[in-house]
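Fit chain E to the known structure of chain D by using the hints.
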Amino acid sequence: MNLYFYYVAFAFYLLSSFFYLLYFAIGKDSIERPGFFFLFFASAVHLFSIIVRYFEAGYTPITNLHESLSFFAFCIGGLFIFIRHMYGASVLGSFVLPSISTIVIFSLFHSVEIRPLPPYLRSYYLPVHTVFSFLGNGAFFISFIVSIIYILTENYIKKKKIPPYAMRLPPLELLDRVNVRCISIGFPFLTLGIITGSLWASIAWGSYWSWDPKEVWSLITWLTYAIVIHRRLLFGWKGRKTAYMMILGFFSILVTFLGVNYFMGGRHSYL
Amino acid sequence: MQILVFGLNHATAPIEIREKFFIPEERIGNFIEDLKGKGLREVVVLSTCNRTEVYLFTEKPETDIKVLISSMVDFLKIEERWLEDYTYLLKNEDAYRHLLLVASGLDSMVIGEPQILGQVKDAYRIATFMNSTGYLSNKIFHRAFNIAKKVRTETKVGYSPLSISSMACEMAKRIFGDLRKKKILTIGAGEMTKIALKNFKKEGIEKVYIVNRTFANAKRLAEDVFGEAYPFSEMERLLLDVDLVLTSTGSEDFILKRDSILKIMKARKFRPLFIIDIAVPRDVEPSVNDIENVYLYNIDDLKELSQRHLSDRMREAEKAKLIVEEEVRKLPLLLKQIDVKPLILHILDYVERIRKEELRKAFSKIKDLDEEVREELEHLTSSIVKKIIHPHIELIKKNGSYEVLETMSMLFKFEEKYEKEDKGGQ
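Taken in order, these protein sequences are the chains called D and E. Under this note's numbering, read the first sequence as residues 1 to 271, first letter to last. Under this note's numbering, read the second sequence as residues 1 to 426, first letter to last.
Derived by calculation from the structure, the hints in this document are not laboratory data. Keep in mind the model is a prediction, meaning the values are calculated, not measured. Beta carbons: idealized from backbone N, C-alpha and C, even for Gly. There's no promise every hint is true.
Computed footprint of chain D on chain E, listed as stretches where at least three residues anywhere in the stretch have a Cβ under 8 Å from a Cβ of chain D [to be verified]:
1) 14 to 27
2) 164 to 174
3) 292 to 304
Same shape as in the complex, but just chain D:
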C-alpha cells in the first residue's frame, strides 16, 4: 500500500520536474507555479506513503537504502519548499526537482519489501538519529546545488561573458545567502545526528565512538562544514570559497551515506 502512494508521489515529482525544466527553458513565472504546485502535492503524498509504511512495518521506515533514499528525497523537497518560500529563488527548482526525481528512481532500484527490523535497530533513537541526519543531508544537498550554480555564475560575472541562459540564474548574493541558510539548518542537524548516533551506539554497541568508517566520514563531514563556518566568520570566506567548501562537504556526505554502504562495510552498512 505504501508503495502505491510512493509511485503517486513519484509521478508528481516527475510532473513538477517537467514544469521546472520548462520554466528554466522559457523563463516565464507562470510555468513555475504548476511546478511548485505539483511539488507540494508530491511532498504531501510522499509523507503519507512514509506514514503508511510506518504502520505497515511497525517501525520508522528509514532502515535500508530504499527507505533512506526515499526519506532523503522527501527532506530535499521539504527544504526546497521552505527555501523557495523564504528567498524566492525559484530557479533552483529546475535543478533540485530533477535531482529529487533521480533519487526516487534510484531508491526504486533497491529492495522495496518490508523486512523485520534487526534487533539492534529497535530503539527510540532510530527515528531521532535518522531524521536529524537526513534533514542535515537534505540541507547540504541543496547547498551543493546552490554552490555549483554560484561558481558558474561568479565565473561569468568575473570573465564578463554572459551566456543568455545565465540571466535567469539567481543573483550571487542571494545564492550566498541561501548557502548560509543551508549551513545554519544543516550543521545543527548534522551535529545532532552525530550526537544521537553516538548515544545510540553506546546503548546498542557499548561504546560512544568506535572509529567505524561511517563514523570517521561523518566526522570528516562535520569538520569540513565547521571549517566553513569558522573561516567565514573570521576571515570572510564568502561566496566562492564557501561554495567550494560546500561542494567538498557534500562529497564527504556522499561517501558517508552511500560509499560506506556500498564499498566499506562496517556496522553501518544497510543495503
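For chain E alone, coordinates are given in the frame of chain D:
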C-alpha cells in the same frame, strides 16, 4: 520644400572631433538665432555626445546649406577640413529616413537605447521655442516621434535596458539582486555619473555617497541626485561601507590600486564589491578584478556586453527598419501635400485676372485717357491687390495646414484638392 540634414555622428567621427562639434544645450538657442539672422527659416539643432546634426527645411537648399556650413564653422570655431572628412549631408528621403532612425534609437551607438528620443524631443522643443520651426518641420518631427513610439511598441528593439548605465545596473542586479539596501560611492562628479546615478536611484538604491577633488562639484551633484557629498579624503572610509563604486574622474593615473583595494577587502571581510569604472583613461587598476569578490567593469566591458545582448535584437532592428522604410515611402506625398506653390500661383493669377478685367472695363468707359494716368492706375490697382492678398499668401506659407489650404482653395476657386493629412504612425 526640401529636407536636409547636415552633421556628424559616432559612426563618422571620433570622439575628439565630436567634442569640437558639440553645442551645449544653452548655446543651441544662440546658434539658431545666428542662422535665422542669415535667412534660414526652419532649423532644428540636435547635439549630443554621439552626434551633432542640423535639420534644415528649405526652398533653396543650395544657398542655405552654404550659409549653414559657414555659420557652423564660425560659431563652433572648427577647421573647415574636418567638414569634408567627418560630416554627412543627406537630402529628402535620406534625410527623413535618418531622422526616423535617430529618433527610434536605431542609429545609436547602442542600438535601441531609449535616451536619444528624449534628446531629439528636446532639440525640437528648443527649435519651437526659438520660433525656427514651420509647417513642414512640425509635421516631420511629430511623425518621427510617432514612428519612434511605434518602433518601440511593435518591435523589441528597445525592449531591455541597453545603455551603458543600464547595463551597469543590470550587472549590479546579477550580483546583488535587490539594490534597495545597497550603497554606492561615486568618485568624480561628471555628467555621465549623473545619468548613471539616476539609473541606480530608479532601482531604489538606498544611499549615494559622492566624493570629488573639487568638493563644490560633489555637493552640486549630491543635490541633483539626493546623495551625500564628502571630501575626497573620506574615500577610503566610505569604501569600507559601500557595495558599489562608480568612478569617472579625469585623473591620468589609477585612483584605486590593487593593493589598496585588497587591504579594504580584507577589512570588509570580503563582502562583495562591484566597481564600475566609466572613466577614460581608467581610474581603477585592471588587476583589481582578480581580487576575490571584487567585480570590476570598465566602460568597454559594459559596451561590449550591451552589444552582445544584441544578437537577437538585430532581428528586431530589421523589423524596425521596415517600419521606418514604410514611413519614408510616404515622404513624397507629405511634401506634395504641402507644396503650396501652385495654390499661391493660382491666387496671384486669379486676382491679377480680376484686376485686369476690371481695369479693362474702366478704361473702356473713360475715353481719351492720358497714358500717364493709365500707368498710374495700373500701378495703383496692382498695389492695392498685392496689399490685400499679401496676408493670405503669408498665411499659406507659414501655416499650410489642411484647413487653411482648403479655405483658400475655396475662396479663390482653386481646383486641385489637398488631401487630408494622415496621421503618422497609425
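Quick rundown of the hints versus the structure:
{"no.": "1", "hint": "14 to 27", "in the structure": "violated (count 0)"}
{"no.": "2", "hint": "164 to 174", "in the structure": "holds (count 3)"}
{"no.": "3", "hint": "292 to 304", "in the structure": "holds (count 6)"}
Checked against the numbered hints above, the structure breaks only hint 1 and satisfies the rest.
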